[in-house]
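*Asks:* Please arrange chain C on chain E, whose structure you already have, making use of the hints.
Chain residues, written in single-letter form:
Number of protein chains: 2
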Amino acid sequence: MDILNASEIREILKVTVRPEVISFAGGLPAPELFPVDDLRRAAEAVLDRSGREALQYSTTQGHEPLREAIARRMAQAYGSTSSPDDILVTSGSQQGLDLVAKLFLDDGDVVLCESPTYIGMTQAFSVFRPRFVEVAMDDEGMVADALAQALRAHPEAKLVYTIPTFQNPTGKTWSAARRRAVMEIATAHEVPVIEDNPYGELRFEGEPVPLLKQFDPKGLVLYLGTFSKVFCPGLRLAWVEGQASFIEKLVLLKQGADLHTSTLAQHLLAEYLQSADIDANIDALRSLYRCRRDAMLEAIAAAFPPGIVHTRPQGGLFLWVELPPHVSARDVLARSLERQVAFVPGGSFFPNGGHENTLRLNYSNMPEERIREGITRLASVLREVTVGAPA
Amino acid sequence: MDILNASEIREILKVTVRPEVISFAGGLPAPELFPVDDLRRAAEAVLDRSGREALQYSTTQGHEPLREAIARRMAQAYGSTSSPDDILVTSGSQQGLDLVAKLFLDDGDVVLCESPTYIGMTQAFSVFRPRFVEVAMDDEGMVADALAQALRAHPEAKLVYTIPTFQNPTGKTWSAARRRAVMEIATAHEVPVIEDNPYGELRFEGEPVPLLKQFDPKGLVLYLGTFSKVFCPGLRLAWVEGQASFIEKLVLLKQGADLHTSTLAQHLLAEYLQSADIDANIDALRSLYRCRRDAMLEAIAAAFPPGIVHTRPQGGLFLWVELPPHVSARDVLARSLERQVAFVPGGSFFPNGGHENTLRLNYSNMPEERIREGITRLASVLREVTVGAPA
Numbered sequence: 022m023d024i025l026n027a028s029e030i031r032e033i034l035k036v037t038v039r040p041e042v043i044s045f046a047g048g049l050p051a052p053e054l055f056p057v058d059d060l061r062r063a064a065e066a067v068l069d070r071s072g073r074e075a076l077q078y079s080t081t082q083g084h085e086p087l088r089e090a091i092a093r094r095m096a097q098a099y100g101s102t103s104s105p106d107d108i109l110v111t112s113g114s115q116q117g118l119d120l121v122a123k124l125f126l127d128d129g130d131v132v133l134c135e136s137p138t139y140i141g142m143t144q145a146f147s148v149f150r151p152r153f154v155e156v157a158m159d160d161e162g163m164v165a166d167a168l169a170q171a172l173r174a175h176p177e178a179k180l181v182y183t184i185p186t187f188q189n190p191t192g193k194t195w196s197a198a199r200r201r202a203v204m205e206i207a208t209a210h211e212v213p214v215i216e217d218n219p220y221g222e223l224r225f226e227g228e229p230v231p232l233l234k235q236f237d238p239k240g241l242v243l244y245l246g247t248f249s250k251v252f253c254p255g256l257r258l259a260w261v262e263g264q265a266s267f268i269e270k271l272v273l274l275k276q277g278a279d280l281h282t283s284t285l286a287q288h289l290l291a292e293y294l295q296s297a298d299i300d301a302n303i304d305a306l307r308s309l310y311r312c313r314r315d316a317m318l319e320a321i322a323a324a325f326p327p328g329i330v331h332t333r334p335q336g337g338l339f340l341w342v343e344l345p346p347h348v349s350a351r352d353v354l355a356r357s358l359e360r361q362v363a364f365v366p367g368g369s370f371f372p373n374g375g376h377e378n379t380l381r382l383n384y385s386n387m388p389e390e391r392i393r394e395g396i397t398r399l400a401s402v403l404r405e406v407t408v409g410a411p412a
Numbered sequence: 022m023d024i025l026n027a028s029e030i031r032e033i034l035k036v037t038v039r040p041e042v043i044s045f046a047g048g049l050p051a052p053e054l055f056p057v058d059d060l061r062r063a064a065e066a067v068l069d070r071s072g073r074e075a076l077q078y079s080t081t082q083g084h085e086p087l088r089e090a091i092a093r094r095m096a097q098a099y100g101s102t103s104s105p106d107d108i109l110v111t112s113g114s115q116q117g118l119d120l121v122a123k124l125f126l127d128d129g130d131v132v133l134c135e136s137p138t139y140i141g142m143t144q145a146f147s148v149f150r151p152r153f154v155e156v157a158m159d160d161e162g163m164v165a166d167a168l169a170q171a172l173r174a175h176p177e178a179k180l181v182y183t184i185p186t187f188q189n190p191t192g193k194t195w196s197a198a199r200r201r202a203v204m205e206i207a208t209a210h211e212v213p214v215i216e217d218n219p220y221g222e223l224r225f226e227g228e229p230v231p232l233l234k235q236f237d238p239k240g241l242v243l244y245l246g247t248f249s250k251v252f253c254p255g256l257r258l259a260w261v262e263g264q265a266s267f268i269e270k271l272v273l274l275k276q277g278a279d280l281h282t283s284t285l286a287q288h289l290l291a292e293y294l295q296s297a298d299i300d301a302n303i304d305a306l307r308s309l310y311r312c313r314r315d316a317m318l319e320a321i322a323a324a325f326p327p328g329i330v331h332t333r334p335q336g337g338l339f340l341w342v343e344l345p346p347h348v349s350a351r352d353v354l355a356r357s358l359e360r361q362v363a364f365v366p367g368g369s370f371f372p373n374g375g376h377e378n379t380l381r382l383n384y385s386n387m388p389e390e391r392i393r394e395g396i397t398r399l400a401s402v403l404r405e406v407t408v409g410a411p412a
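As you go down the protein sequences, you meet chains E and C in turn.
My numbering numbers the first residue of the first sequence as 22 and each following residue consecutively.
My numbering numbers the first residue of the second sequence as 22 and each following residue consecutively.
Excised from the complex, chain E in its bound form (with noise of 0.2 Å):
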């Protein structure tokens, strides 16, 4: 496991508790669109109504109603035709990964994944020690031309790890076009594609692009939705959705983890979104996040120095960056959090280390002002770095 890396972020996010620190570094949801009162209604209602059922043991798979509400959004947003019975409800993506690493890693098994990509990843899969074999993205997202060289050289590879919206770390979303390419590939070879998505609902601009699984004529995606980041991570609610075959085997990989996911917290769930308006929280979040994301890229652009490039993600919660290639991330952080700012050094997620110069910024959880006096101390550090640069 990427103990060291995970071990750096913890401490990282450690210092940023502290509340007069200016965090870009986790990547937490705005606390103050939680629906609080909404779930209070809901608490009462499920308890009310059937208090003995929420608290007692429930079915692996998951609360039927839950199910189908899930099922439902994903026709609603993707025209996706799946079936509750196609949907496990899991403690988070977190454990999707967990889950769907057991299903298909053995020591030395090959994983392709974009380069950067998410590093909860890596710290799940890691335990099954498998080799990551990072792929080449462009503006476009995971460049097809290198997956195909990739798999020629790995054609043994069990898996393929994408997050093709809003990509954590890099705010960056493929093209449809890139989308069809990268499936055609993974079709013709026939390796599973795990298309995470936590931040495709999200999206302040730009048009909606198919999923992955919208090319999929083999069903090999298995698609990681969740509710973390659209309704509140502290519920720990998310979802796998696949073919048959993939879902029986991980509904019994489930059960030997932790037999189901909270009873309680499923009802609640499932009440919320039958009695409240996910949407309306959803269209709060986008306008929310946009705020910030435009406040960010405004500081950035007045501040920063030359010499410096950045995504500019039309959703999501995170924007990269690229400092000049001599210049260590891990070094502006320590200067940073003598300014009380913090961030999280890019090097750490690639799995391959390297990259120290790249660096994420999270945009979801600060107040316009906190983001625009941090990005100002941040570029005051980035200008005592990169003094003397070549350009």
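Incorrect hints may have been included.
Cut-off 35 Å, straight-line C-alpha distance, at most; resulting in silico cross-link-like pairs (DSBU-like, lysine-lysine) [unchecked claim]: (1) C/K270 x E/K35; (2) C/K270 x C/K239; (3) E/K239 x C/K35; (4) C/K35 x E/K179; (5) C/K179 x C/K270; (6) C/K179 x C/K239; (7) E/K179 x E/K270; (8) C/K270 x E/K270; (9) C/K239 x E/K35; (10) C/K179 x E/K179; (11) E/K270 x E/K239; (12) C/K179 x E/K35; (13) C/K270 x E/K179; (14) C/K179 x E/K270; (15) E/K179 x E/K239; (16) C/K35 x E/K270.
Hints are computed from structural coordinates only; laboratory data are not their basis.
*Replies:* Quick look at chain C alone, frame taken from chain E:
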């Protein structure tokens, strides 16, 4: 993984949701004693006071006030001196088993366990493909000489897994002398010992026995505690307690497995432990389960044919039945299901098979009249199948 046995149990449990079925099959607590009203109040208090915090991501090791309350309860119940730092909150004890397996087990590693043992353990561990070596039990618990012999035969054994109090599936409780003897052997071999104790607080009669962890000078015991049987199982709240070097690694493994256990569930339990009276609820559970156990024992005494032996548990949820050697509990089950009575054949609890003439009966989830009626029907099946059996 022992998928066949797991599926078999799932099939049986599917039958038992039909209301006309008298089920001795599951291990469900009595829902009529779930503290629904206390939880409604706790939900109101938590969401009013700290709704945003309770719905946000939280630390992997667990909510500190909850870990403090757990440490206090362990001190109170067992004179244990564990600190909140020695405690990791898990998503049910099933997750504790998954994490322990990840920490200790690889392909082919030897796990020593009671014979029979908890099927949820074999399911969690089997993902890592260990070899289960069963150690003989007698009425005082795991036979110390048999353990010593197994450790001589397998000095590289990675774990000893035990449920010393009101064991699932047998209902047996190890004597204090046996606990001391087993721990002396484990200490000499420096082999980690899992003490899984979900039922320890549900004693109806007899004197409490010290924990294995009270005979553990080298800190080899990882103790698994849970709120599933003394509060409710639907929130999936349990813990692992052990030496810091184990707990630190388990925290990292849990981070990869599900980031953390539901923040809301942890806050609800901490509030419940603070403002309600869990000990009064445990007293009520003890009285109820004692009556149900008595009803079952009396019905067995009145109706079972000769040649059948069974345990007389002093607490917990289960008793264990041994039929004459030639009688198959699976055949008995098939006939019982025709009469709407369900139980779990005992063979499922032996990782290496055999013992098809045994069965497990649960008495916690059915009212007394149904227990009497169910045992009477089961007895009629047993009379049919044991006709002509050698005594």
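*Asks:* Verify the proposed pairing of C/K239 with E/K35, using a straight-line Cα cut of 35 Å.
*Replies:* holds, 32 Å
*Asks:* Does E/K270 lie within 35 Å of E/K179 when you go C-alpha to C-alpha?
*Replies:* Holds, because 16 Å separates the two Cα atoms, which is no more than 35 Å.
*Asks:* C/K270 and E/K179 were given as a pair; does the straight-line alpha-carbon distance stay at or below 35 Å?
*Replies:* Measuring from Cα to Cα gives roughly 27 Å; hence the hint holds.
*Asks:* Verify the proposed pairing of C/K179 with C/K270, using a straight-line Cα cut of 35 Å.
*Replies:* At roughly 16 Å apart (the allowed maximum being 35 Å), C/K270 and C/K179 satisfy the hint.
*Asks:* Given the proposed pairing of C/K270 with E/K35, does the C-alpha separation stay at or below 35 Å?
*Replies:* holds, 18 Å
*Asks:* Quick one, are C/K179 and E/K270 close enough, alpha carbons at most 35 Å?
*Replies:* holds, 27 Å
*Asks:* Regarding the pair C/K179 and C/K239, is the alpha-carbon distance no greater than 35 Å?
*Replies:* holds, 16 Å
*Asks:* With a cut-off of 35 Å on the C-alpha distance, tell me whether C/K179 and E/K35 pass.
*Replies:* Distance of about 34 Å is within 35 Å: holds.
*Asks:* Taking 35 Å as the top limit, are the C-alpha atoms of E/K179 and E/K239 close enough?
*Replies:* holds, 16 Å
*Asks:* Take the C-alpha atoms of E/K239 and C/K35, compute the straight-line distance between them, and say whether it is at most 35 Å.
*Replies:* holds, 31 Å
*Asks:* Mind checking the alpha carbons of C/K270 and C/K239 for me, to see if they're no more than 35 Å apart?
*Replies:* holds, 18 Å
*Asks:* Regarding the pair E/K270 and E/K239, is the alpha-carbon distance no greater than 35 Å?
*Replies:* Holds - the C-alpha atoms of E/K239 and E/K270 are around 18 Å apart, at most 35 Å.
Hint check: no violations occur; every hint is consistent with the structure.
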